[in-house]
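J.: Sequence:
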Amino acid sequence: MVKRTQFTQSRKERQNRYFSEEFRVKKVREIERGIYKVSEVAKTYELSLSAVYKWLYKYGVDYKRETKQIVELKSDTKKIEALKQRIKELEQALGRKQFEVEFKDKMIDIAEEMYQVDIKKKLEKHVSSGSGKTVSE
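Its first residue numbered 1, the sequence shown is counted upward by one per residue in this note's numbering.
Hints in this document: simulated from the structure, not taken from any laboratory.
Since the model is a prediction, treat every value here as computed from it, not as a measurement.
Even for Gly, the Cβ is constructed at its ideal location relative to N, Cα and C.
Zero decoy hints are in this set.
For each label pair, taking beta carbons as the anchor points, the in silico distance ranges come out as:
id, residue 1, residue 2, range
1, 57, 95, 44 to 50 Å
2, 44, 91, 51 to 57 Å
3, 22, 49, 18 to 24 Å
4, 106, 85, 29 to 35 Å
5, 21, 85, 44 to 50 Å
6, 29, 97, 53 to 59 Å
7, 80, 46, 38 to 44 Å
8, 82, 46, 44 to 50 Å
Model the full structure from these sequences, guided by the hints.
T.: Structure, rendered in structure tokens:
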């Protein structure tokens, strides 16, 4: 590997440096493989981090400006899938309960028509909200 002392140059000299496309692609591939980090390449060749990231955006496979890369552990992925499955099951159970409530409401409406009794009003008088004092009879 090249030593840093070989690349110690003044700012003006650094501004005039040119790295071939082949060199840039090689360094990008090394970063993608995990051989080097962006900061290591920048430090070794006295580049700014933004310059190395420009190379990554231009030549990299996984680095696109409009794409966000999300890294998850496999265990996190399994947990997320399990939670999604649980949500699906709960939504189905909620749907069944909603259907049952609507069915019971319809049955009460039919019974009210058939027997000409206001069942809903009678139920409301006896249903306790659970708050306030209760009076014993």
